[in-house]
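Visitor: Here the structure of chain A is known, so what remains is to put chain B in place on it, guided by the hints.
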Amino acid sequence: MMNKSPRAKSFHGGLALNGHKLESTSGTLKTAAVPAQLILPLTQHAGRAAVPVVNAGDRVLGHQEIARPDGEVSCSLHAPTSATVLGVQRLPIPHPSGLMGDCLVLQPDGKNEFGNFLPAMDPDHLDLPSLLTRVSDAGIAGLGGATFPTATKLAGAAASTGITLVINGAECEPYITCDDMLMREQADQILLGAKIVLDALGAQRALVAIERDKLKALESMSAAIDRLGDPRFQLEKIFTIYPAGGERQLIQVLSGKEVPAGKLPIDIGYLCQNVATLAAIYRAVKDGHPLVSRITTVTGSGIAEPGNYLTMLGTPLGALAESAGGYSPKASRLIMGGPMMGIALPSDEVPVVKATNCMLVLQEDEVRATGDQMPCIRCGECEQACPSQLQPQELYWHIRGNDLAGADELNLSACIECGCCDFVCPSHIPLSQYYRFAKSQVRLLDARRVQSDIARQRFEDRKERLDSEAARRKQRLEEKRKKRASQEKAPKAIKGEIDAILARSKAKQTDADEGGETQ
Amino acid sequence: MKRFDTSGAPYLQPKNSVSQMMTRLLLSLAPAAAAYTWFFGPGLLLNILVASIVGILAEAAVLNLRKRPLRPYLGDGSVLVTAVLFAWCLPPATPWWITATGMIFAVVFAKHLYGGLGHNPFNPAMAGYVLVLISFPQEMTRWLPITTLASNGPDALQTVWATFTGQFGGGLQWDAVTMATPLDYVKTELARLTTMPEIKSHVMFGDFAGRGYEWVGNFIALGGAWMIYKNVIRWHIPVAVILGVLIPATLAYVVDPGSNGSPGLHLFSGATLLGAFYIATDPVSAATSPRGRLIYGLGVGVITFVVRKWGGYPDGIAFGVLLMNAAAPLIDHFTRPRVYGNEQ
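From first to last, the protein sequence lines are chains A and B. Residue numbering for the first sequence follows my numbering, beginning at 1 and increasing consecutively. Residue numbering for the second sequence follows my numbering, beginning at 1001 and increasing consecutively.
Please note that a few of the clues may not be correct.
[Said to hold, decoys possible] Keeping only pairs whose Cα atoms sit at most 16 Å apart, straight-line, the calculated EDC-like set for lysine to aspartate or glutamate is:
| hint | chain 1 | residue 1 | chain 2 | residue 2 |
| --- | --- | --- | --- | --- |
| 1 | A | K330 | B | D1005 |
| 2 | A | K286 | A | E349 |
| 3 | B | K1002 | A | E349 |
[Claimed, not checked] From the derived model, a few chain A residues whose C-beta atoms are all more than 10 Å from chain B:
| hint | residue |
| --- | --- |
| 4 | P52 |
| 5 | N55 |
| 6 | V88 |
| 7 | Q89 |
| 8 | Q107 |
| 9 | P387 |
| 10 | S440 |
| 11 | Q451 |
| 12 | I454 |
| 13 | R476 |
Honestly, the hints are just simulated from the structure, not real lab data. On a predicted model such as this, the values are computed, not experimentally measured, just so you know. We put the beta carbon where it would ideally sit given N, CA and C, even for glycine.
Chain A on its own, in the form it takes in the complex (with noise of 0.2 Å):
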């Protein structure tokens, strides 16, 4: 099944880096302990923030729902392991400002007791519907990074017809062997979950994408392929570029397409997969698991003992430290997510959510240095590494001049935000920050216009209303003065009637000095 050789290259700029992968891929995957508390924080995926359905106090067993979704794109939580529901606390959760969130605190008990709470289900006899409502009760969300519901996404491709699954099993970003580590372990699952949603959906082909230099995963998977014998999977090796594994570029580099701006992948026939997902919806549908633990590589120069820990979600990161060794002495930078487009974290006391893939802990002298920024001399480096082949550098001077619809007509939206630029600029200008600031106050004055259209709106709709009242008061009154004029007498009548009134008040005058010289 496998093709020889990697399919070319095919988008635009891009880094070849150095992959430090192998620090933690030397060993097996390790299972981290059971950390003393579990936080889990009510956002861990794209959407709104799910809903507690337990209280403090309450016992809870593994596996059970502790929060539900709100809404369409949303997540619900489970409680990874059987434990005494603490409540819900605002904690640090991942963001690099150290940003407070609602977290639902748990205590595990240690006896690991789980419930059946989700029945398992017939993997080769199951329609569409089932499957979005299982995988939404399972609390699945993607597992590469974005976390986005995946029940969403899934119920979004229903209505195509003519699918290609991409499987993606390109994990370009230096350091990160999760998916290594999963595709390596448990390629079964994978393949089984893909099965499922190809089946559900009516799919056609699959495409395993993995680069050509995880030469076990590749073995693997390939070994796999051949064991479950479904022709519609193909694997594909791609070239170990960054960013490959994104799922714009992936989709270009296995069909030359492009996924037009403002659209989604699955507008083009294409649904991409995180392989950790896939195995997830296995695991949910085969044996009614809900997902409450993930793989996390745990790496870097600033760890002890590197490699791939199966956690539960809710493990402070200091926690899964010490699962692996705990922090080499020059430790100082604490990064979630990998070395491109992770959040570096103020402290370890953030937990393990869905979207934590990797946990990097790096020296000082390993991380760029901020401030030592030069003018931009118009290399054109960060043009040429542009994998969206936007002008980075124009858009730095329209951002920096403030002139953010200049920067937005520059297309600053295709902005992927992948640091390609960054890293290649020799002015060691923060481009992606730039962009990343740029994109909130566009969104920022998108929603101030859009309140401001509202605003406007009403003010001129209550114009509109006191002016119509206005006018029917106007012309009320004036049929009432027209009404009453009608109704009065003529004026000669009038004149007549006052005439009359001073004849006879004259005539009482008279009486009365008459009356006086009597007296």
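Guide: Positioned in the frame of chain A, the structure of chain B alone reads:
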């Protein structure tokens, strides 16, 4: 609980820096500088010395006035690159005040009055060069011949003396030792209706162009190739400049070989190669997109040819570069690549 410092992604240390690019550029010029000195004496090195000292002083003074930190901006090496390229354009043993005038103009006016590194619309070295070319026309044509041809030429000490006083001393007069450059000679002789074959029979010519200049050109091209290999520059501008000179030169030569210099003469004479690899490639003042750089380079090359053939000056790289500098923003505007997922 352990606390950590934070910063924005990406976190990997960059492999490249402005000072590294500038250092590599200067290094790549060393073989050509050695060849130049071998053939024409130490005049170039003296020019470079004067230009560098004046350039650094001028840069420091302006940075001070602009209240900018000295260390990063002097350390980036950009002023040294300007100094070396400017000095390279001058005849060897140019009197120091001419070098200083051009260099001060380049650094103060062409670079810092526009905002300093990264903000100058015109190539500072070329702006400085054109200033002295127009202001000191006589001194700018006093080229020394290749040392092997000039038994009566100045020795090293006399060259130093000339650089700092304007005279060789020892009774040696400028008129006695200077010689036209090949391009200059071709231009004058063609105007006198001498044919190219006759012109090329002059002892100053080698295989394609001036003796000595050819070898310097070879080393410049080698240095340029190394810069492309090391990603200091990209290939687009050098290739386009060379094509911009060679295409019209070849056409003219094919049509009338008697009154047009050969493509080889154009390629190896004057500043064609230096301009293609080192001057037109100044990223700050050039176009940025790959297509834009091709158009920009072609423009530089064609203007150079036009000046050489019909203009009042023997060489035209400086004019080509400055004129195309002015056009670069427009070129960039019209050559933006199609963005992923968008229509053109």
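Visitor: May I ask which of the numbered hints given earlier this structure violates, with the numbers listed in increasing order?
Guide: Of the numbered hints given earlier, those the structure breaks are 2 and 9, listed in rising order.
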